[in-house]
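Based on these hints, arrange chain L on the given structure of chain C.
Chains C and L are the protein sequences, given in the same order. Numbering-wise, the working numbering puts 86 at position 86 of the first sequence, and it's gapless, one number per residue. Just add 1000 to the spot in the second sequence (first one is 1) and you have the working numbering.
Watch out, some of these pointers could steer you wrong.
Unchecked claim - Capping the alpha-carbon separation at 20 Å, the derived lysine to any residue pairs in SDA-like fashion look like this: (1) K1028/L to K148/C; (2) K148/C to M1182/L; (3) K1030/L to S108/C; (4) K1030/L to N123/C; (5) K1167/L to G101/C; (6) K1028/L to N123/C; (7) K78/C to S1148/L.
Calculated directly from the structure, the hints in this document are not laboratory data. The model shown is predicted, which means the values in this text are computed figures rather than measured ones.
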Amino acid sequence: MVSAMEIYMLLPKTNCKKCGLPTCMAFAVGLLGREKKIEECTPLIEEKKYEAKLNKLREVMAPLESASETGLIIHPEKCFGCGNCVVACPVNVAADPTHCGVGLGPQSDKVILKIEDGVVVANNLEECKRFGPGRVLCNACTATCPSKAIEFV
Amino acid sequence: MTKMAICTGCSLLCQDIEADVSEGRLSKAKNLCRKGHGHFQASFSERTSPMIGGKQVDLNQAIARAAEILKNAKSPLLLGWSNSTLEAQRVGKSLAEKLGATIDDTSSFCQDSLMESILSGKLPSSTLDDVRNYADTSIFWGADPSNSHPRHLSRFSYYPRGEKRQKSYEEERTCLVVDVRMSATSALCKENLYRVSPGGDAEFIEAILSVLEGKIPRVGDKKKMIELGTLLKKTEWGAIFPGPGLLYSLQGNMEILERLLARLNEITVFKVVPMVGHFNTRGFYELLREKAGHVNRVSFQGGEIAHGPEQSVMAAARSCDAALIIGSDPLSSLPFGTAQALARLPLIAIDPHRSLTTDMAEVVIPSAISGLEAGGTAVRTDGVKIEFEPILEPGLPADEQILKRIMEAI
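The following block holds chain C by itself, in its conformation from the complex:
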């Protein structure tokens, strides 16, 4: 996963404030949090000398485009289907305490994570604690994954 520092290194680093943010570092964090778009950095797009940096930036940002609204990325090829995340997710447990809570597969449709065909799938992302502006940086699903099949941007 790309870090804010890596993104910063690919920006003009002039702190020109044309994007509306005070520094390029702030813009890098904005890009990573997907509140800002690359196009908002006009010098990077317009000035020829930044072309190589722009291409590299688009390259490193490409995997982030597959992330969901909450920044969740699932790598199904890495998933064991163990269900640790399904049982650990606090929203899952609240939505289906009699199944998810005690380690069984969910029966409710309101859960976020469930195991289908041997791998984890995510639904109802608006219920996730990471959704929306008042988000909480919960990491129950990523911390309990034995194979790093779940990541957050």
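Showing chain L alone in chain C's frame:
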């Protein structure tokens, strides 16, 4: 149509599987782990057909030929059984008695010493449901359940909330791994990984025992060992899950593990829950122990029960003159010398899937897959009996029916 199924992919026998089966195919499955999903999917590929000497025949001919081989053999070996239902195992045991054969399972040099200690009550054990409800410390010793029993941690040992453990892994449970290497499971409890050198488990147990006595341990990181001692003393209800890593390292020396458990149980409650591999390994152990007094490696030759290393598959492969192999692939999984000795015998393979053993066998008898195409009873790794119904149309006879027909023909 969605059906509730039981997964026979490993010894946890997960009961909450929802399988959509249409036109004899698995179109969607919920709650199956990757291993279980592979097990279900495999039922549609590489299936066997009845064969004698590599030529396709009909089922009756194959069964008749199998009966003939067994009848003419002086000391046949019946091997496998861990992937068969209790009902089939019962018939298998009767068949062994009738033939005066040697009967052994697939784990006769690994789990059996542990299971003997547990079934004889020398090691305290409990069900996995108790682990979920009460355990605050789970120790995976020489085991990597994330790979071998993928839903172990999420269903029982670490993540679920139980009766007395409502705060579960967040506050109340601790998970420890003792292993020679980093594993997927050890990644989940980083600070609590205790590395031992290969074969160093007995030494490590001694070190724990001395820490519990308040002495400074001789091996390992002393500070970390003292922390471990404190953690074990503070435990209210602990569970140890010994995997093949520990059992191979102890080489049948269960006395030291029994000593550790006895000492731990003086301080607090500690249980040992085995982690057998195949779905009904424990069923076979319990059945044979009840009927013949030993968990495996039993010979009924001359109407007398004999038990010992000469009855294990390693020795019997060299001394027997025919072998029936059911639900297992010893030619791939056993050491080369034993596999080579087995391959020279006239083999009868009862298996739903093609394997190296079925390729080398004189007689191949296809069977229904237990749990998917055949119902029955199995014993979970912690000793809970679970009954199941088939979810697919059985096109083939079950293990039990095949064995009964072989018995009748002898």
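Each hint, compared with the structure:
1. K1028/L to K148/C: Since the Cα atoms of K1028/L and K148/C sit roughly 24 Å apart, the hinted pair is violated (cutoff 20 Å).
2. K148/C to M1182/L: This hinted pair holds, its Cα atoms lying about 15 Å apart.
3. K1030/L to S108/C: 12 Å, holds
4. K1030/L to N123/C: 14 Å, holds
5. K1167/L to G101/C: 10 Å, holds
6. K1028/L to N123/C: 17 Å, holds
7. K78/C to S1148/L: Holds: K78/C and S1148/L sit about 16 Å apart, inside 20 Å.
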